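Numbering (our numbering), first residue to last: 5 to 142.
I should point out that these hints are in silico values taken from the structure, not numbers from a laboratory.
Mixed in with the good hints there might be a few duds.
What the hints assert, rightly or not - Pairwise CB distance ranges, derived in the manner of DEER restraints: (1) W37 - Q139: 29 to 37 Å; (2) H74 - R38: 37 to 45 Å; (3) H74 - D43: 37 to 45 Å; (4) R115 - R63: 20 to 28 Å.
Computed from a predicted model, the values in this text were never measured in an experiment.
Here a beta-carbon is modelled for each residue, glycine too, at the ideal position from N, C-alpha and C.
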Amino acid sequence: MAGRRKARELALQLLFQEEVTRYPRGEISEVFWRSQSADEESREFAEHLFQESLEHRERIDELIRRHSEHWRFERIAAVDRNILRMAVCEFLYTDTPRIVAIDEAIEIARRFSGEQSTEFVNGVLDAIKQELEAQEEQ
5 MAGRRKAREL
15 ALQLLFQEEV
25 TRYPRGEISE
35 VFWRSQSADE
45 ESREFAEHLF
55 QESLEHRERI
65 DELIRRHSEH
75 WRFERIAAVD
85 RNILRMAVCE
95 FLYTDTPRIV
105 AIDEAIEIAR
115 RFSGEQSTEF
125 VNGVLDAIKQ
135 ELEAQEEQ
């Protein structure tokens, strides 16, 4: 479990760097991994979340936009936006149970953002989870 948490935190840092710098993803990964130590499994999971989040950013961001009521997407704090992206990516492109992805996102928000962020992240992710589950039932 600790390895997956570490991987998610690393993925968040990669996503944040990409958003802030807009450097090519390969360049970001290369520089990032030179300064970070992680076991191979954590590194692979972090890189998977990073690459898939970027690859499917339009779909992921659209889900976040629809469920972040009363918030313009661009006004969501960059850390929170990337925590949401990472968790939605995990919903869609991993076999992680969605409730686990939500719990992990909340804990990461608590560590990297703030208490109000945990409530926001929880609410948005829960709404997206419900939408995805309703679609799967059809």
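Hint check:
no.	hint	in the structure
1	W37 - Q139: 29 to 37 Å	holds (36 Å)
2	H74 - R38: 37 to 45 Å	holds (41 Å)
3	H74 - D43: 37 to 45 Å	holds (41 Å)
4	R115 - R63: 20 to 28 Å	holds (27 Å)
Taken one by one, the earlier hints all hold for this structure without exception.
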